[in-house]
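**Q** The sequence shown runs 165 to 319 under my numbering.
Derived by calculation from the structure, the hints in this document are not laboratory data. It is possible that part of the hints are untrue.
What the hints assert, rightly or not - Think about it this way: if two alpha-carbon atoms lie no more than 30 Å apart in a straight line, the pair counts; the simulated DSSO-like pairs of lysine-lysine are:
1. K240 to K192
2. K242 to K262
3. K273 to K240
4. K262 to K192
5. K313 to K213
6. K182 to K192
7. K318 to K222
8. K222 to K171
9. K257 to K273
10. K297 to K313
11. K318 to K273
12. K257 to K174
13. K262 to K297
14. K182 to K257
15. K171 to K296
16. K273 to K310
17. K174 to K273
18. K262 to K310
19. K166 to K257
20. K318 to K297
21. K262 to K213
22. K270 to K166
23. K174 to K270
24. K192 to K213
25. K222 to K257
26. K262 to K318
27. K240 to K262
28. K185 to K257
29. K318 to K235
30. K166 to K235
31. K240 to K182
32. K273 to K166
33. K182 to K297
34. K242 to K313
35. K166 to K296
36. K166 to K222
37. K240 to K222
Unchecked claim - Ranges between beta-carbon positions, derived for each pair:
38. D314 to E205: 19 to 29 Å
39. L319 to M165: 45 to 55 Å
40. S211 to T289: 14 to 24 Å
Every residue gets a Cβ at the ideal spot worked out from N, C-alpha and C, and that includes glycine.
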Amino acid sequence: MKIEVRKGQKEDLTGALKLIKELAVYEKASDEVVVTISQMENWGFGSDKIFDFFVLLKNDEIIGLALYYYKYSTWKGKCVFLEDIIITESERKNGYGKLLFDEVGKVAKIEGVERMEWQVLNWNTPAIQFYKKYNAVLDDEWINGKLIKDQLQKL
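Please model the complete structure; the sequences and the hints are all you need to start from.
**A** See the structure below:
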């Protein structure tokens, strides 16, 4: 069995999107994924690049993904935001999430950012327990806000 974590490449986007859709099913939001491979190519590799990612391969098959980007805090400065760690369901609980989380953590360390952030659904007990192993601060003070595309069109 060969396990490898490496930076994502354009050729990995189909496998990445498959995992993203799998996560959406797990999070009970399967109809929410609207992003396309073309958009991901542009935003991950084109002139409008806004994210990076790692893939986890088992015997050369993508079974995991960690997607992250940089954000700016008015109080702290440059930060890394971990959008998602996804391990295909059949491979969960094998320690693969740690491999991906640690890779993004290494990026944050090398970049010298002030913090690495992510979100976790309050019902996702396995993920919460995973982050607690790092002694992560899981903040229940801040409420997430968002406007969706239709709402933005009305501004």
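**Q** If a hint holds in the structure, say so; if it doesn't, say that too.
**A** Right, here's what the structure says about each hint:
1. This hinted pair does not check out: K240 and K192 have alpha carbons roughly 34 Å apart, beyond 30 Å.
2. A hinted pair counts as satisfied when its Cα atoms are at most 30 Å apart, and K242 with K262 qualifies at roughly 23 Å.
3. Annotation: proposed proximity of K273 to K240 holds, straight-line Cα distance about 15 Å (limit 30 Å).
4. Of the pairs offered as hints, the one joining K262 and K192 holds, with about 24 Å between alpha carbons and a cut-off of 30 Å not exceeded.
5. As the CA atoms of K313 and K213 are separated by approximately 20 Å, the hinted pair is consistent with the 30 Å bound.
6. With a CA separation close to 16 Å, the supplied pair K182 and K192 stays within the 30 Å bound.
7. The suggested pairing of K318 with K222 is violated, with an alpha-carbon distance near 46 Å, which exceeds 30 Å.
8. At roughly 15 Å between alpha-carbon atoms, K222 and K171 fall within 30 Å of each other, so this suggested pair holds.
9. Using a Cα cut-off of 30 Å, the hinted pair K257 and K273 holds, with the two alpha carbons roughly 26 Å apart.
10. A threshold of 30 Å between alpha carbons decides the hint, and for K297 with K313 the separation of about 36 Å lies outside it, so the pair is violated.
11. Using a Cα cut-off of 30 Å, the hinted pair K318 and K273 is violated, with the two alpha carbons roughly 40 Å apart.
12. Simply put, K257 and K174 have alpha-carbon atoms about 28 Å apart, close enough for the 30 Å limit, and the pair holds.
13. Under the criterion of a C-alpha separation no larger than 30 Å, the hint pairing K262 with K297 is consistent with the structure, at around 10 Å.
14. Restraint check for K182 and K257: the C-alpha separation of about 20 Å stays at or below 30 Å, so the hint holds.
15. Between K171 and K296 the alpha-carbon distance is near 26 Å, which keeps this suggested pair within the 30 Å criterion.
16. With a C-alpha separation of about 29 Å, the suggested pairing of K273 with K310 holds against the 30 Å cut-off.
17. Pair hint K174 plus K273 holds up; C-alpha atoms about 25 Å apart against a cutoff of 30 Å.
18. Distance check on the hinted pair: K262 and K310 sit about 29 Å apart at the alpha-carbon level, within 30 Å; holds.
19. Between K166 and K257 the alpha-carbon distance is near 17 Å, which keeps this suggested pair within the 30 Å criterion.
20. A hinted pair counts as satisfied when its Cα atoms are at most 30 Å apart, and K318 with K297 does not qualify at roughly 43 Å.
21. Of the supplied pair hints, the one linking K262 and K213 holds, its CA atoms being roughly 26 Å apart against a limit of 30 Å.
22. Between K270 and K166, the direct Cα distance comes to roughly 22 Å. Compliance with the 30 Å bound is thereby established for this hinted pair.
23. Of the supplied pair hints, the one linking K174 and K270 holds, its CA atoms being roughly 22 Å apart against a limit of 30 Å.
24. Using a Cα cut-off of 30 Å, the hinted pair K192 and K213 holds, with the two alpha carbons roughly 29 Å apart.
25. Annotation: proposed proximity of K222 to K257 holds, straight-line Cα distance about 14 Å (limit 30 Å).
26. A hinted pair counts as satisfied when its Cα atoms are at most 30 Å apart, and K262 with K318 does not qualify at roughly 41 Å.
27. Annotation: proposed proximity of K240 to K262 holds, straight-line Cα distance about 26 Å (limit 30 Å).
28. As the CA atoms of K185 and K257 are separated by approximately 20 Å, the hinted pair is consistent with the 30 Å bound.
29. Between K318 and K235, the direct Cα distance comes to roughly 26 Å. Compliance with the 30 Å bound is thereby established for this hinted pair.
30. Proximity of K166 to K235 is assessed by CA-CA distance (about 34 Å); at most 30 Å being required, the pair is judged violated.
31. Between K240 and K182, the direct Cα distance comes to roughly 35 Å. Violation of the 30 Å bound is thereby established for this hinted pair.
32. Of the pairs offered as hints, the one joining K273 and K166 holds, with about 27 Å between alpha carbons and a cut-off of 30 Å not exceeded.
33. With a C-alpha separation of about 28 Å, the suggested pair K182 and K297 falls inside the 30 Å cut-off, and the hint holds.
34. For the suggested pair K242 and K313, the alpha carbons sit about 26 Å apart, so the restraint of at most 30 Å is met.
35. For a cut-off of 30 Å, the pair hint linking K166 to K296 stands: about 28 Å separates their Cα positions.
36. With a CA separation close to 6 Å, the supplied pair K166 and K222 stays within the 30 Å bound.
37. Among the hinted pairs, K240 with K222 is inconsistent with the structure: their alpha-carbon atoms are about 37 Å apart, more than 30 Å.
38. Distance hint check for D314 and E205: the Cβ-Cβ separation is about 25 Å, which falls inside the suggested range of 19 to 29 Å.
39. Distance hint check for L319 and M165: the Cβ-Cβ separation is about 51 Å, which falls inside the suggested range of 45 to 55 Å.
40. For the pair S211 and T289, the beta carbons lie near 41 Å from each other, so the given range of 14 to 24 Å is not met.
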